[in-house]
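K.L.:
Input sequences plus hints: build the corresponding full structure.
When you read off a place in the sequence shown, starting at 1, and then add 233, the result is the number in the working numbering.
Hints were generated in silico from the structure; no laboratory data involved.
Each hint should be verified, as a subset may be incorrect.
[Claimed, not checked] Using 27 angstroms as the maximum straight-line C-alpha spacing, the simulated DSSO-like pairs for lysine-lysine come out as follows:
id, residue 1, residue 2
1, K620, K276
2, K312, K276
3, K527, K488
[To be verified] Okay, the calculated beta carbon distance ranges per label pair:
id, residue 1, residue 2, range
4, R341, P289, 35 to 45 angstroms
5, R627, E336, 19 to 29 angstroms
6, R376, P289, 41 to 51 angstroms
7, E523, P395, 21 to 31 angstroms
8, R421, L401, 17 to 27 angstroms
9, R530, R341, 45 to 55 angstroms
10, L258, A343, 22 to 32 angstroms
11, W339, R530, 40 to 50 angstroms
Note that beta-carbon positions come from the ideal geometry of N, C-alpha and C, so glycine has one too.
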Amino acid sequence: MISGVVDLGRDNDARLLRLQTALALGTGFQLVLVEVEPGPIRKEVVRRIQTWSGHPAIGALSLVSLDPAATLAAQLGVKTGAIVTGLEPPSPTEAPVRDWIAELNWSRDALPGLVPGPLILVVSQAMHQELFERASDLYSWRRHTARVSIIARDLALPLTSPGDRYWLEQRERLSGILAEGVFTSIGRTAVLFSLADVLSELGDERGASGVLDEVVPFPVVSSSPKDEGENVVFAYYGLGRARCALLRRDFAAAKALLDEVAGGSSLESLLRGKLHAAEGAWDAAVIDLERAIKFARTVWAPSVLAQVRECLCQVAFARGDIARARQEVEALIEVASAHLDEWGAGMLLRLAEVTVDLYPDEIALLLDALSSAQSSARTEVRRLRAKRAWLLDRLP
234 MISGVVDLGR
244 DNDARLLRLQ
254 TALALGTGFQ
264 LVLVEVEPGP
274 IRKEVVRRIQ
284 TWSGHPAIGA
294 LSLVSLDPAA
304 TLAAQLGVKT
314 GAIVTGLEPP
324 SPTEAPVRDW
334 IAELNWSRDA
344 LPGLVPGPLI
354 LVVSQAMHQE
364 LFERASDLYS
374 WRRHTARVSI
384 IARDLALPLT
394 SPGDRYWLEQ
404 RERLSGILAE
414 GVFTSIGRTA
424 VLFSLADVLS
434 ELGDERGASG
444 VLDEVVPFPV
454 VSSSPKDEGE
464 NVVFAYYGLG
474 RARCALLRRD
484 FAAAKALLDE
494 VAGGSSLESL
504 LRGKLHAAEG
514 AWDAAVIDLE
524 RAIKFARTVW
534 APSVLAQVRE
544 CLCQVAFARG
554 DIARARQEVE
564 ALIEVASAHL
574 DEWGAGMLLR
584 LAEVTVDLYP
594 DEIALLLDAL
604 SSAQSSARTE
614 VRRLRAKRAW
624 LLDRLP
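P.N.:
Written out as structure tokens, the structure is:
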């Protein structure tokens, strides 16, 4: 997803232009906060701010990446303006090595002498909130605040797990049951639905659609009344087709299919939430996904509940709401951790995979939760940890 220069988009370009203007109009010491998450987005923002260094109206700007082994005063005595990074702990799951917020607040009266020009603190959303709550006196000094986040709709597209060992095993098991051919008609239908679900998890939309073709013994659209069993089959068939439509990104077909089977269930609400998420209708997605949570808790369907939490994570990351994303990641882990030897590990891995390029710091909690997973997952965990370290410039 990320290669070379990051396109921040027009809104963020305008925010940074306003920041540049504010710096140019100011004189002497001025405290500025730039909220942007660690990773490629932050690198691009810092790179752009560095290009302003030496501008006659701004002056020189030194880049200071805080080292916990040295005092704040020793690192800020730059005799110029400063762009300061590194206030966050090494990982969201680790305690900070040094309490930079406390040090900044204690030494606030000395800051104008240490930094005679702009003091630009580059912070995450969580660190920004901490500054507001724990260093209100220092926070009140700020002359300008810029928040940079990216709307990344690709992060909210339906996720699959191609090559996942658990789903491959389930595919073989269900295919074997079908090959044996000894069951009642409803038993065969249930197996076909399960196999279609498995193939969808593997990202095999064509295979899932082919299996669903074998399911329905009556016309999909029919005015004749159906008994209760037929209605259940009809609903599951429509939901399976809607899921396939989502996978091939045919959102109009997915909506039409969901409207046909509208009746209220956790799976229907989940798929509606996924549809809204894929279309970028964030608020509508959250409403449907929260409705799915209520349904899933009523009948206790952990796999559906985990998919709902996964999609809520995706929506939060896609709209750049990292605080909400962290809450949803914790909720997802709470559900999926009891199923790491089944579908849980693959779900956590695929969310980490889709998130790492834009928000590498945020996959730490997911990877830590996978520490007890099977060996195949641990291999992927090591790869993602290395990628995270590279993206955050923390390679040993």
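K.L.:
If a hint holds in the structure, say so; if it does not, say that too.
P.N.:
Each hint tested on the structure:
no.	hint	in the structure
1	K620 <-> K276	16 angstroms, holds
2	K312 <-> K276	24 angstroms, holds
3	K527 <-> K488	22 angstroms, holds
4	R341 <-> P289: 35 to 45 angstroms	28 angstroms, violated
5	R627 <-> E336: 19 to 29 angstroms	22 angstroms, holds
6	R376 <-> P289: 41 to 51 angstroms	19 angstroms, violated
7	E523 <-> P395: 21 to 31 angstroms	29 angstroms, holds
8	R421 <-> L401: 17 to 27 angstroms	22 angstroms, holds
9	R530 <-> R341: 45 to 55 angstroms	48 angstroms, holds
10	L258 <-> A343: 22 to 32 angstroms	25 angstroms, holds
11	W339 <-> R530: 40 to 50 angstroms	47 angstroms, holds
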